[in-house]
Amino acid sequence: MGRIGISCLFPASWHFSTSPVGCPRILNTNSCQIIVISLLAAAVSLLYFSVVIIRNKYGWLSKEKKFQRYLARVTDIEWLLENNF
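Sequential numbering from 1 applies to the sequence shown in full-length UniProt numbering.
FYI, nobody ran anything at the bench for these hints, they're computed from the structure.
Keep in mind that a hint or two might mislead.
Distance windows between CB atoms, simulated [said to hold, decoys possible]:
#, residue 1, residue 2, range
1, F67, I37, 55 to 61 Å
2, R69, I35, 45 to 51 Å
3, L47, N83, 33 to 39 Å
4, I35, K66, 41 to 47 Å
5, Q68, N30, 52 to 58 Å
6, D76, V51, 33 to 39 Å
7, V36, R69, 43 to 49 Å
8, N56, I35, 27 to 33 Å
These figures come from a predicted structure and were not determined experimentally.
C-beta: ideal position from N, C-alpha, C; glycine also.
Required output: the full structure, derived from the provided sequences and hints.
See the structure below:
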């Protein structure tokens, strides 16, 4: 029987491990390990992509785009003011 242990970053009292007892009998130890590793990989990739999306939305490139939109609106308003008066 195999166990996955994650204790290198935590004290011994916080030891985390999974055993085949937590998985149904249909799944063997290897598939339980695969499930745990895939869940960890999914969580890490979700966190990474959320950080990338937040950086793209609120980063310096978006500020430049907002400034360009502002300039476009200002020129439109100036054009309207010049033509209406």
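Evaluation of the provided hints:
{"no.": "1", "hint": "F67 to I37: 55 to 61 Å", "result": "violated (45 Å)"}
{"no.": "2", "hint": "R69 to I35: 45 to 51 Å", "result": "holds (46 Å)"}
{"no.": "3", "hint": "L47 to N83: 33 to 39 Å", "result": "violated (52 Å)"}
{"no.": "4", "hint": "I35 to K66: 41 to 47 Å", "result": "holds (44 Å)"}
{"no.": "5", "hint": "Q68 to N30: 52 to 58 Å", "result": "holds (54 Å)"}
{"no.": "6", "hint": "D76 to V51: 33 to 39 Å", "result": "holds (36 Å)"}
{"no.": "7", "hint": "V36 to R69: 43 to 49 Å", "result": "holds (46 Å)"}
{"no.": "8", "hint": "N56 to I35: 27 to 33 Å", "result": "holds (32 Å)"}
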